[in-house]
Amino acid sequence: MNNTFILFYRREWQLMFRNTSTLVQPLCFFVIIALLFPFSLPAENELLRRIGGGVIWVSAVLATLLSLESMFKADFQDGALEQWLTHPRSLAVAMMGKAFAHWSATGLLLTLFSPVLCLTFRIPTEQIWVLFLGLLLGTPSLSLIGAIGAALTVTLHRGGVLLAIIILPLYIPILIFGAGMITQSAQGADIAGQVYALLAMLMLSITLAPFAIAGALRATIE
Amino acid sequence: MNPLSAIWNFLYRSFHRLGSPREFYKISTYATPIFGLLFLGLCLVGSYLGLFVAPADYQQGESYRIIFVHVPAAWLSLFVYVVMAIAGAIGLIWRMKMAFVVAICSAPIGAAFTALALVTGSLWGAPIWGTWWEWDARLTSELILLFIYFGVMALYYAFEERKTAERAMAMLSVVGIVIVPIIHYSVEWWSSLHQGATVFRDGGPAMPASMLTPLLLMALGYTFFYGYVLFLRARNMVLHNERKSKWVKEMFTENL
Amino acid sequence: MNWSEFFHMGGYAFYVWTSWGLSLLVLVWQVLQPKLSLRRIKRDIARQVRREQTHGTATN
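Protein chains in written order, with the working numbering: chain A, 1 to 222; chain B, 1 to 256; chain C, 1 to 60.
Okay, chain A solo, but in the shape it has when bound (with noise of 0.2 Å):
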């Protein structure tokens, strides 16, 4: 079962290496969309350490978002998909395998490169402790969630904005707590309810998505 895991975990990564730009693109979406808010609002820097938080949470989930389209495409044109579905192993296990792939090269990608982005909005330095936190626990949920949406729309020519659509709704917990926290920690509040529901929503996701994610591919492609 761990090999499974691991089997996968590893494909990704090589593919991922083979093709850097997989990598760079969704840091660089992120990076982009974060910086046009403080071109779109007055240029206050109050105005910008307030909602620095909330604008580079909704950076990060639409990052995730453009990236998840991808993510079973290659897998089903070549075939590999069909050969998965097959395969006597635990297709649940191996699609975890490939969530946290996916999210090592977006989520905990972006998650590296955020306390670089709270700079430009000012944010004090402990609330940008406090938003890699909650970047690290929140970005695996929107990874694995975001999977069973891939899965589902992988056999549409068309599926982005269908994706857009079926997967934002879900994200809003995450988005609320995430974004939360710094809102509680600039307030000087305690943050330990956010980081426990985000935990809470992580453990829920690690443990359903991963099924929800295989029978969405055995439901679309067969």
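Errors might be hidden in some of the hints.
To be verified - Okay, derived cross-link-like pairs now, SDA-like style, lysine to any residue, Cα gap no bigger than 20 Å in a straight line: (1) K249(B) <-> G10(C); (2) K163(B) <-> H157(A); (3) K42(C) <-> M251(B); (4) K35(C) <-> E160(B); (5) K97(B) <-> V83(B); (6) K42(C) <-> I27(B); (7) K163(B) <-> D190(A); (8) K97(B) <-> W247(B); (9) K163(B) <-> M251(B); (10) K244(B) <-> E52(C); (11) K73(A) <-> M251(B); (12) K249(B) <-> R39(C); (13) K35(C) <-> K163(B); (14) K42(C) <-> T253(B).
As the list claims (entries may be wrong) - Derived contacts from chain A toward chain B, CB cut-off under 7 Å, selection only: (15) T20; (16) A164; (17) I166; (18) G215.
Simulated from the structure, these hints should not be mistaken for lab results.
All residues carry an ideal CB built from backbone N, CA and C; glycine is no exception.
Following the hints, complete the assembly by docking chains B and C onto the known chain A.
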């Protein structure tokens, strides 16, 4: 045989009979008008009691009469979703054709009532809170529910092959039912961070029977309405899906 | 209670009657829509059956 197992056997058999499109079509021929009549009766009596008999509210005056159309719509928006998700799960697990039909036919009905609940809620909020929209937990999660309905329908219509579309939309509605309660509680938590419970007063006066009776009648009537429209839609879908099968063709050769 | 007072709804006439009117509209539309599409479905199937009868085979 004891009566309990007899009832179980009856339910089990009727469940399986309803699983066949042909049997469903036959049974629903009689069930549909019954649901329609029950809806009409309950809602006519409910409307009469609600508009003419129930007294004005001592705080909100006559404006509270929106409750008799608002709460039943909001109730249906959730009830229809639960039915849709359960039907979707049954369809996925037991590969039952009719379960998919029920799930798919429920989606537009649920979406319509969700939209209605939002609009009537807004019309109620305008005079009472002084605003058309509040970022309140219930309103917000209802709005998100509407988008989930849209997503489920959009996913269904995106596929060309019916069987794939059915399974995909069933899968999404099952995923949704796990997440909808989480969304509701997270949104509740979120809006309580922004503002106190000044908008919705908790623990208001218990509703007197003269107001509660029409409300319950309307809610029950709406539920039968859902059953009625579900049957209408499901019968259409069965006819269309089974147009190549013998029993549908025979039905039409007799009519010709 | 007289009728004009009833329709006035204590000054909330617009809100109350728009809500009830919209609800009625949605209910009517929900019933009409499947009834209208039933007509189309029946016509399509009848056409299909007639075509198969004239051509003899059910290849379509």
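Cross-check of the supplied hints:
no., hint, in the structure
1, K249(B) <-> G10(C), "violated, 58 Å"
2, K163(B) <-> H157(A), "holds, 18 Å"
3, K42(C) <-> M251(B), "holds, 11 Å"
4, K35(C) <-> E160(B), "violated, 24 Å"
5, K97(B) <-> V83(B), "holds, 15 Å"
6, K42(C) <-> I27(B), "holds, 19 Å"
7, K163(B) <-> D190(A), "violated, 50 Å"
8, K97(B) <-> W247(B), "holds, 16 Å"
9, K163(B) <-> M251(B), "violated, 25 Å"
10, K244(B) <-> E52(C), "holds, 11 Å"
11, K73(A) <-> M251(B), "violated, 45 Å"
12, K249(B) <-> R39(C), "holds, 16 Å"
13, K35(C) <-> K163(B), "violated, 25 Å"
14, K42(C) <-> T253(B), "holds, 12 Å"
15, T20, "violated, 32 Å"
16, A164, "violated, 9 Å"
17, I166, "holds, 4 Å"
18, G215, "holds, 6 Å"
The earlier numbered hints that this structure contradicts are 1, 4, 7, 9, 11, 13, 15 and 16.
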